[in-house]
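Those protein sequences? They're chains U and G, same order as listed. Note that this note's numbering numbers the first sequence so that position 20 is 20, with each residue one more than the last. Offset between the second sequence (1-based) and this note's numbering: plus 1000.
Errors might be hidden in some of the hints.
Claimed, not checked - Derived DSS-like pairs (lysine-lysine); straight-line CA-CA distance at most 27 Å:
1. U:K84 x G:K1043
2. U:K146 x G:K1047
3. U:K146 x G:K1043
4. U:K29 x U:K204
5. U:K81 x U:K204
6. U:K116 x U:K29
7. G:K1117 x G:K1071
8. U:K146 x U:K84
9. G:K1191 x G:K1255
10. G:K1110 x G:K1084
11. U:K146 x G:K1038
12. U:K84 x G:K1038
13. G:K1118 x U:K204
14. U:K81 x U:K146
15. G:K1038 x U:K81
16. G:K1047 x U:K84
As the list claims (entries may be wrong) - From chain U, some residues computed to sit far from chain G (all C-beta separations above 12 Å):
17. N3
18. L21
19. F80
20. P111
Unchecked claim - One-sided excerpt, in silico: chain G residues whose CB lies under 8 Å from chain U:
21. I1016
22. S1018
23. V1027
24. S1036
25. I1040
26. I1041
Don't read these hints as lab results, they were simulated from the structure. No residue lacks a Cβ here, since even glycine has one placed at the ideal position from N, Cα and C.
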Amino acid sequence: MMNTKILIYIGYLFLLINVILYFISRRNKAMAYKVLYSYLLYTSVIQAYSHVLATQSINNIFLSHYYFVGQFFILSVFFFKTLKNRLIKPTVYLLILMVSASLFVQYFINPSIYFKFNLFEILITSIPIIIYSFIFLVQRISNPEKKFNYFISGLFIYVLCSTLLFVAGNISSEIKKVIWRANNILYILFQVLIFIEWYRNFRKKRLINLN
Amino acid sequence: MKNLFSQENQIVTIVIISVLLLLLMSVALLLFFFFSRKRIIEKELEKTALALKHQKDMIYATIVTQEMERKRIAQDLHDDISSKLNVILLNSNFLIDGELSAEEYTKVNKNIIKVSKKALSSARQIAHDLLPAILEEFGLFSAIEELIDDYNTSKKVTIVSEIEYPKSYLGKTEELHVFRIIQELINNSIKHGKATNIELDFIFKNNNLVLSYDDNGMGFFENEDSLKKGLGMKNIESRVELLNGKFTIKSEINKGVKALLII
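With the rest of the complex left out, here is chain G:
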């Protein structure tokens, strides 16, 4: 009888202890769950905050570039167009009030025509610099060719290129983005890298459009220099995102800049 009891007691003890252990284990498990949850959620919040900041930076870059462009346009309009129109106005007034001789009359007339032509060509040039008409009408291939020709004739830099672009492969907006990226890269190479030779390839490879860019300028490293360069890169980044593409850029001092864009 006693034996039975003590055996029973043992069993009771065992059961109680195992339940307590189970309780302990499950509480520990829950605590583990909730602590790791906290950590994971904190990490995700950090990631989101970082992504947000990046977006903000890009928007800021876009706005600043926009304002700079506007300033430049205003300047160009003022310097090239306004002043020339002023001259034309003065000359025209002169024609009316000037009491000129026939010879002087013709001279002023010729002047007006000359300055008008200049103003017209400046206006065309400004418009073309802003948005080449060729891009709209003849597509990306021709626009890039023309851009390269312009630079080559200006002797500022020599661009060697191999372009293989199926007509209208990208949409009009996307073509514009690619064009702007190329413009920006070339501008950077000339202004900051002081490059004299650029190699630009735009080919179709493995079902992707690959733009590879290589110049012989001074190159740069991340922390250097003006806001402008940072801005330009950010704008390129925004455009790359809009294109759903991948962009890498490498540069070493005095070894130039290499960039790769895959769409």
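Next comes chain U alone, as it looks inside the complex:
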């Protein structure tokens, strides 16, 4: 029990550190950086709120919807700005449209799932992110640009594995503990990579605006 709590708190800590660091270096940075920063901010707000609810023993599952959908939207904007291919922009628009529409329909038909984990929602918001990350990494193979490499690598690994974890998470309560612990560990790794990203690429002030 204590073990899990420590992992969770370490995760929060790293997230918080990253939010602060990215806030400090926010001057003179391109749009993509600001999107990354807002992603971190958004996640920390949701984490904080869910923690508060958890300590008061209120059901905070509904926040997961905001987490997954918000993550999808914010990262879609990020990839919109960073992926270089004239097919990308219409694809991103299309996906945002399709995802929003299908979720809207789903909640309209069955509003009660608001208070439960929504597997479909997790899948359709995470899989595009995995695909976008993969495309991003492929585009970076012949490009000496270093920005966001660590972040996207971490994102790719984290979303891929955590999606599998979430999807398997509802089988039984025994599994739930293991799953959540694994998720915590992966999340810490993700945040560590985001920290390394900041340390390597964004620590110093950028003199030339290349992006």
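Since the structure of chain U is already known, use the hints to place chain G on it.
Just chain G now, kept in the frame of chain U:
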């Protein structure tokens, strides 16, 4: 109950293992990406360095040629013009101080005129060798014809040609480049190849200007000989690039030189 548990345990194990596998696979994928990235970027750097070196070599060749030309001009001016002007000066002084008889006076006068004419024609020749006026005024076609005629009358070499060039098809600078390339090729054939026959065709084919050149000299292979030849080729290369054209040159010992320029 026990059954349920062990089944659950199995599922838990399966899930854990599949997540670990997924983790492993994605890390492997990332490592693959980053290693191939490193390789590709190294290769591109190498390519760029090579291209840069090539450019540097061309610039070097241009500078060296320029200095050689200047030396030659200085020499020509000194040998042909300066000396003759000196003679004229001496003769003129002689006219004033010499206390000459009428006959000697006329003789010196005639000498001055003769040497002046020579100096004038040398100056014209130097200017013409540097940049034939015909090119400016009558265009590439006439300039090439005149060049070929000059060589043919000098009996140094016999040039056979077929030229079909629409007037003012290329701009003035481009015409100059083509002219210089032809000059360089002919010079090379005479000086290094010791050729006696050259065939030069400059025709319009498939929407392109095609210059084909063929001589019967000694030919050469890549590693041979003087810096001059290397320089000449580099200059031709620079000019070809400026023309946005393609240039190929082939040569075998004792089989002459064949060159092809497509614009």
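To see whether the hints hold, each was checked on the structure:
1. U:K84 x G:K1043: holds (22 Å)
2. U:K146 x G:K1047: holds (21 Å)
3. U:K146 x G:K1043: Holds, at about 17 Å.
4. U:K29 x U:K204: holds (11 Å)
5. U:K81 x U:K204: holds (22 Å)
6. U:K116 x U:K29: violated (39 Å)
7. G:K1117 x G:K1071: holds (25 Å)
8. U:K146 x U:K84: Holds, at about 15 Å.
9. G:K1191 x G:K1255: holds (16 Å)
10. G:K1110 x G:K1084: holds (14 Å)
11. U:K146 x G:K1038: Cα-Cα ~12 Å, so holds.
12. U:K84 x G:K1038: holds (20 Å)
13. G:K1118 x U:K204: The hint is violated at about 74 Å.
14. U:K81 x U:K146: Measuring from Cα to Cα gives roughly 16 Å; hence the hint holds.
15. G:K1038 x U:K81: Holds, because 24 Å separates the two Cα atoms, which is no more than 27 Å.
16. G:K1047 x U:K84: Holds. G:K1047 to U:K84 sits at ~24 Å (cutoff 27 Å).
17. N3: holds (16 Å)
18. L21: For U:L21, whose nearest Cβ neighbour in chain G is about 23 Å away, the distance exceeds 12 Å, so it holds.
19. F80: Check passes; 22 Å lies beyond 12 Å.
20. P111: holds (30 Å)
21. I1016: Because about 7 Å separates G:I1016 from the closest Cβ in chain U, which is inside the 8 Å limit, the hint holds.
22. S1018: This hint holds: G:S1018 lies near chain U, its Cβ roughly 7 Å from the closest one there, short of 8 Å.
23. V1027: holds (7 Å)
24. S1036: holds (6 Å)
25. I1040: Nearest chain U Cβ about 5 Å off; hint holds.
26. I1041: holds (5 Å)
Consistency with the previously given hints fails for numbers 6, 13, ordered from lowest to highest.
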